[in-house]
Amino acid sequence: MKKLLLMSTSVLFALAVSCRSDDSSDNSDKMKLQGNWQPDKIVTTTTANGGSTTTTVVTDNCQKKGRITFTTDTSGKIKYYDNSNGTCTMLFDLPIEYTYNPDTKAFSITTNGNKMDGAITTLTNSNMVVYYVDKSNSSSINKIEISATKVAN
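Take the sequence shown: its letters are residues 1 to 153, numbered as in the working numbering.
I should point out that these hints are in silico values taken from the structure, not numbers from a laboratory. All values derive from a computational prediction rather than experimental measurement. One or more of the hints may lead you astray.
What the hints assert, rightly or not - No more than 25 Å apart at the CA atoms, straight line, and that leaves these computed lysine to any residue pairs for SDA-like: (1) LYS150 with THR124; (2) LYS77 with ASP40; (3) LYS150 with MET116; (4) LYS32 with THR104; (5) LYS32 with ALA119; (6) LYS105 with GLN38; (7) LYS64 with THR45; (8) LYS105 with ALA119; (9) LYS150 with ASP93; (10) LYS105 with ASN127; (11) LYS41 with THR110; (12) LYS143 with PHE92; (13) LYS77 with PHE92; (14) LYS65 with PHE107; (15) LYS77 with GLN38; (16) LYS105 with THR121; (17) LYS30 with LEU91; (18) LYS77 with THR59; (19) LYS30 with THR121; (20) LYS115 with ASN85; (21) LYS115 with ASN49; (22) LYS105 with THR149; (23) LYS65 with SER140; (24) LYS65 with ALA119; (25) LYS77 with ASN112; (26) LYS150 with LEU94; (27) LYS32 with TYR80; (28) LYS32 with PRO102; (29) LYS77 with ASN49; (30) LYS77 with GLY35; (31) LYS150 with ALA48.
To be verified - What follows is a set of in silico ranges between Cβ atoms, one per label pair, in the way DEER data are often shown: (32) ASN85 with SER108: 29 to 39 Å; (33) SER28 with ASN83: 32 to 42 Å; (34) THR124 with VAL43: 34 to 44 Å; (35) SER28 with SER140: 33 to 43 Å; (36) ALA152 with ASN49: 38 to 48 Å.
Don't be surprised by glycine CBs; every beta carbon is placed ideally from N, CA and C.
Sequences and hints are given; from them, build the entire structure.
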């Protein structure tokens, strides 16, 4: 009887330890986000004057030089390159502040005093899809979805 009680207690203890709540998944998702992301595709839907237009850009070699960088302290930067008159040119290099909640997937990004809210709909060690809404222009709303691949630099 004592042996059965000891085994039952051991099993219950093992189950309790293996099923306990642990925030390592939060830290894991936050760690996945940190680093340099290369844009692969950018889909922008602009709504203005009662209509909407969707533009899809599959990035070319110049645009792939761009980076979205997330650091450990909720800051980072966005660099964007594009072809201008046949020359690959960096169009902007802006610092950002961001928040990310792994439980709700809620994401916000602030640059130049403009806060944009959205979500990270896909996040793996190598791929990310981030969606956010830019309302900085009072005459239009831009819904932006960026698919990106994690890169070394």
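Hints the structure fails to honour: 17, 20, 23, 29, 31 and 34
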